[in-house]
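Enquirer: Heads up: the protein sequence lines correspond to chains B and A, in order.
First residue of the first sequence: 1, per this note's numbering; consecutive thereafter.
First residue of the second sequence: 1, per this note's numbering; consecutive thereafter.
Any given hint might turn out to be false.
Short derived list, chain A residues pointing at chain B, Cβ under 10 angstroms [claimed, not checked]:
hint: 1; residue: ILE8
hint: 2; residue: GLY170
hint: 3; residue: ALA321
A short list of chain B residues far from chain A (calculated; beta carbon distances all over 12 angstroms) [claimed, not checked]:
hint: 4; residue: SER28
hint: 5; residue: ILE119
hint: 6; residue: GLY254
Think of the hints as simulated: they come from the structure by calculation, not from any bench.
None of these values were measured; they are calculated from a predicted model.
The beta-carbon is built from N, C-alpha and C at its ideal position, and this holds for glycine as well.
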Amino acid sequence: MSKTINIKKGYDIRLVGEAAKNVTMIQSAKHAVKPTDFVGLTPKLLVQVGDEVKAGTPIIFNKHDERVVITSPVSGTVEAINRGAKRLLEEIVIKTGTGYQSESFDIKYTPDIDRAKLIELLLKSGLWASIRQRPFSVIANPDDMPRDIYVSAMDTAPLAIDLPFVIKNSLEDFQEGINALKILGNKNVKLGLPHDCTELDSLKNVDITYYKGPHPAGNISVHINKTAPINKGEIIWYAHPQDIIIIGRLCRHGHVDTTITIPVCGSQVKSPQYFTTRKGVCIDTFTDIINTEETNRYISGNVLSGTKISEKGFLGFYENQFTVIPEGNEYEFFGWIKPGLDKPSFSRTFLSRLLPYKKHVANANLHGGHRALVVTGEFEKVFPLDIYPMQLIKACIAENIDDMENLGIYEVDEEDFALPEFIDPSKTEIQHIIREGLDLIRKEMQ
Amino acid sequence: MKSLRKYIDKIKPKFSPGGKFEKFEYTFDAFETFLFVPNKTTFKGSHIRDGVDLKRTMSFVIIALIPALLFGIWNTGYQHNLAFGLDTGFWSNVWYGLGKILPLIIVSYVCGLGVEFIFAQIRKHEVNEGFLVSGMLIPLIMPADVPLWMVGIATIFAVIIGKEAFGGTGMNIFNPALLARAFVFFAYPSKISGDIVWVGGLGKATTVADGFTGATPLSFAASGKIELLPTINELFIGALPGSIGETSKIAIILGAIFLLITGIGCWRIMLSALLGGVAMSLIFNAFAANAYMTLDPLTQILMGSFLFGIVFMATDPVTAAQTNKGKWIYGFLIGIFAILIRVVNPAYPEGTMMAILLMNAFAPLIDHYVVQANIRKRLKRIKK
Numbered sequence: 001m002s003k004t005i006n007i008k009k010g011y012d013i014r015l016v017g018e019a020a021k022n023v024t025m026i027q028s029a030k031h032a033v034k035p036t037d038f039v040g041l042t043p044k045l046l047v048q049v050g051d052e053v054k055a056g057t058p059i060i061f062n063k064h065d066e067r068v069v070i071t072s073p074v075s076g077t078v079e080a081i082n083r084g085a086k087r088l089l090e091e092i093v094i095k096t097g098t099g100y101q102s103e104s105f106d107i108k109y110t111p112d113i114d115r116a117k118l119i120e121l122l123l124k125s126g127l128w129a130s131i132r133q134r135p136f137s138v139i140a141n142p143d144d145m146p147r148d149i150y151v152s153a154m155d156t157a158p159l160a161i162d163l164p165f166v167i168k169n170s171l172e173d174f175q176e177g178i179n180a181l182k183i184l185g186n187k188n189v190k191l192g193l194p195h196d197c198t199e200l201d202s203l204k205n206v207d208i209t210y211y212k213g214p215h216p217a218g219n220i221s222v223h224i225n226k227t228a229p230i231n232k233g234e235i236i237w238y239a240h241p242q243d244i245i246i247i248g249r250l251c252r253h254g255h256v257d258t259t260i261t262i263p264v265c266g267s268q269v270k271s272p273q274y275f276t277t278r279k280g281v282c283i284d285t286f287t288d289i290i291n292t293e294e295t296n297r298y299i300s301g302n303v304l305s306g307t308k309i310s311e312k313g314f315l316g317f318y319e320n321q322f323t324v325i326p327e328g329n330e331y332e333f334f335g336w337i338k339p340g341l342d343k344p345s346f347s348r349t350f351l352s353r354l355l356p357y358k359k360h361v362a363n364a365n366l367h368g369g370h371r372a373l374v375v376t377g378e379f380e381k382v383f384p385l386d387i388y389p390m391q392l393i394k395a396c397i398a399e400n401i402d403d404m405e406n407l408g409i410y411e412v413d414e415e416d417f418a419l420p421e422f423i424d425p426s427k428t429e430i431q432h433i434i435r436e437g438l439d440l441i442r443k444e445m446q
Numbered sequence: 001m002k003s004l005r006k007y008i009d010k011i012k013p014k015f016s017p018g019g020k021f022e023k024f025e026y027t028f029d030a031f032e033t034f035l036f037v038p039n040k041t042t043f044k045g046s047h048i049r050d051g052v053d054l055k056r057t058m059s060f061v062i063i064a065l066i067p068a069l070l071f072g073i074w075n076t077g078y079q080h081n082l083a084f085g086l087d088t089g090f091w092s093n094v095w096y097g098l099g100k101i102l103p104l105i106i107v108s109y110v111c112g113l114g115v116e117f118i119f120a121q122i123r124k125h126e127v128n129e130g131f132l133v134s135g136m137l138i139p140l141i142m143p144a145d146v147p148l149w150m151v152g153i154a155t156i157f158a159v160i161i162g163k164e165a166f167g168g169t170g171m172n173i174f175n176p177a178l179l180a181r182a183f184v185f186f187a188y189p190s191k192i193s194g195d196i197v198w199v200g201g202l203g204k205a206t207t208v209a210d211g212f213t214g215a216t217p218l219s220f221a222a223s224g225k226i227e228l229l230p231t232i233n234e235l236f237i238g239a240l241p242g243s244i245g246e247t248s249k250i251a252i253i254l255g256a257i258f259l260l261i262t263g264i265g266c267w268r269i270m271l272s273a274l275l276g277g278v279a280m281s282l283i284f285n286a287f288a289a290n291a292y293m294t295l296d297p298l299t300q301i302l303m304g305s306f307l308f309g310i311v312f313m314a315t316d317p318v319t320a321a322q323t324n325k326g327k328w329i330y331g332f333l334i335g336i337f338a339i340l341i342r343v344v345n346p347a348y349p350e351g352t353m354m355a356i357l358l359m360n361a362f363a364p365l366i367d368h369y370v371v372q373a374n375i376r377k378r379l380k381r382i383k384k
């Protein structure tokens with residue numbers, strides 16, 4: 001029987017700009033693959049500008065494991081290969097063609113397919129990249145056998161996608177994707193759902209746990225920590241529900257169809273709503289509904305752990321929403337002492353805490369300068385894992401690997417530290433510190 | 001405000017690297033960010049940030065100290081006028097108090113912030129706001145008659161040796177304000193102990209009003225004259241000789257309520273220290289070997305700087321225990337030691353300062369064992 005876990009620690013940041021639940025289908029002229037989305041992957045190009053590609057055509061491969069390829073999300077022509085500093089491969093832009101064509105694969109999925117064959121199919125189609133592992137949040141190693149596979153159909157981040165709403169419309173594909181995960185994961189597939197979700201009761205082959213509580217109650221790390229924490233040496237795989245739907249489609253129909261449903265949201269969006277499009281879509285597809293009168297912060301993902309992109313940027317491989325908020329790059333006279341009825345804050349020094357359900361317009365201003373880590377006991381209020389966040393952050397800053405291991409670095413991802421980073425009065429870049437800590441240990445282990 | 005902003009933007013290049021006054025870059029930054037929250041935006045991690053920053057956090061502690069400060073100003077004048085049989089009218093008290101306390105505050109801030117600005121410039125970092133609170137605490141825990149130069153030296157000592165030597169704000173082991181008091185206590189004991197230092201002008205007086213001794217409740221208790229102790233009401237109101245900010249429990253409790261409502265002060269430490277103080281008083285009551293030991297817990301808690309210490313000093317997030325379990329232990333032991341030291345050790349009439357400094361030293365150890373318990377749990381899981 002499924003159980004409900006009540007998460008008490010955390011905080012819901014209520015923002016203006018929640019997407020209305022009407023879904024519009026939209027065609028985008030451009031999509032992109034961004035190699036920087038894949039932590040630890042050293043990309044090698046497989047295409048040139050002008051090449052024709054189909055959905056599922058390999059675009060890049062991992063230098064350290066050539067079996068791992070990233071494929072095109074759409075069919076069309078490679079329009080540009082954009083590089084950044086030190087020739088860092090940033091974007092492979094694909095101009096969509098007419099019609100939609102997918103690569104065909106010689107391996108056919110059947111419910112009794114051999115695990116190795118299934119892995120081969122996922123690797124060839126590029127969908128393997130959707131399966132990531134903990135610790136380190138990197139693409140899973142096909143040679144490993146995970147202890148469990150976790151799926152969270154609950155996103156509690158600000159303005160986040162309503163996953164049960166999206167899954168409900170592709171329930172058969174999702175079920176088939178879960179069936180495939182069951183083959184991959186030694187039958188241990190665990191699904192986390194919001195406590196009030198009833199749409200997905202019919203799902204089979206999955207161990208369901210319901211979660212109740214504020215953000216980050218939907219995070220994978222929280223689900224793992226509350227059910228069966230990761231120990232040193234153990235590996236957990238996880239995947240996003242929309243990626244599981246894409247895997248399910250490949251299993252059912254034999255072709256790569258990267259159709260996803262995403263909210264385009266935030267206070268700078270005139271009519272925030274859901275769109276059905278494909279992976280890697282360009283934000284200029286939505287220009288009509290975005291308010292461009294002031295400077296905007298365009299975010300692929302949510303406001304806490306998403307990636308800053310340009311106004312012509314693209315949706316990241318693992319991200320499932322676009323958020324647009326004001327940049328907020330202006331001075332505020334005596335802003336630090338104002339009563340602050342209009343400021344989203346966890347601190348009770350602002351009057352806004354008296355109106356817990358009021359929605360706020362938040363901008364990307366830092367609201368202060370960088371200071372020493374001083375305040376204690378606050379992170380613990382929004383950090384539901386059985387881990388000492390402050391001590392772990394300090395171990396990462398000190399690059400003390402033993403302490404990092406002992407304090408539970410294997411159980412966390414940078415997104416788990418997004419709320420501590422939000423509330424930190426010292427304005428420390430905590431997610432970055434944790435990512436560097438994870439990268440350091442990963443390199444040491446190689 | 002636009003014209004002010006324009007003016008700042010105009011002079012800013014002079015204080016930037018390469019400018020005429022580049023040596024004052026971080027000093028300028030401190031003043032600029034005092035007037036305007038910077039236009040800096042996030043570029044890594046969370047795109048939105050809480051409106052709270054250290055300036056706000058620290059200034060809220062100062063707001064919490066205002067009742068104690070205002071009462072201290074009035075009481076300094078009141079005690080002086082009482083001692084000399086002068087008019088104890090409200091404004092007469094306030095003017096005398098202001099004359100004594102404002103210079104102390106100015107000296108404390110000028111010396112402390114001066115050192116902070118110099119270190120920020122040398123180390124090339126923005127000025128941390130930590131001293132805003134210390135600078136106010138230092139005058140409030142001094143006797144009214146303490147010489148200004150002594151406060152200046154004590155402040156400089158506390159900031160350099162107590163804070164900057166450890167790496168600056170956030171790295172210090174001991175509470176800087178308490179270090180300043182400890183410095184005066186050990187370097188110039190005659191200026192901070194005895195009966196005559198607590199009332200302005202008493203040290204140089206030749207004649208005082210009949211019956212006025214200047215003795216604090218603690219000195220009555222320490223000398224066994226508990227029959228002379230003020231009543232509970234008098235202790236609460238605090239129109240008594242003592243350190244400037246510590247006498248009025250009502251003012252301190254108002255500050256504590258403000259800190260608890262705004263979430264700035266740690267309720268765990270305050271409550272556990274209070275419990276520790278009560279526990280130790282009850283233990284003494286059980287033995288009752290002398291008059292001091294027979295004092296009831298309420299009187300013990302209302303005497304001296306116990307409440308001031310546990311509300312404003314023990315809760316300093318940098319020097320207190322950092323884990324929640326650790327905070328319970330840390331606070332409780334402060335309560336225990338504060339009463340223990342004051343009753344048992346004749347050398348230190350006020351145990352709170354010593355108890356907090358002692359526990360400052362042990363806070364990292366307490367945290368270590370709390371964190372080790374979490375680590376053991378994780379290691380145990382692997383063995384299974």
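Enquirer: Failing hints, ascending?
Expert: none
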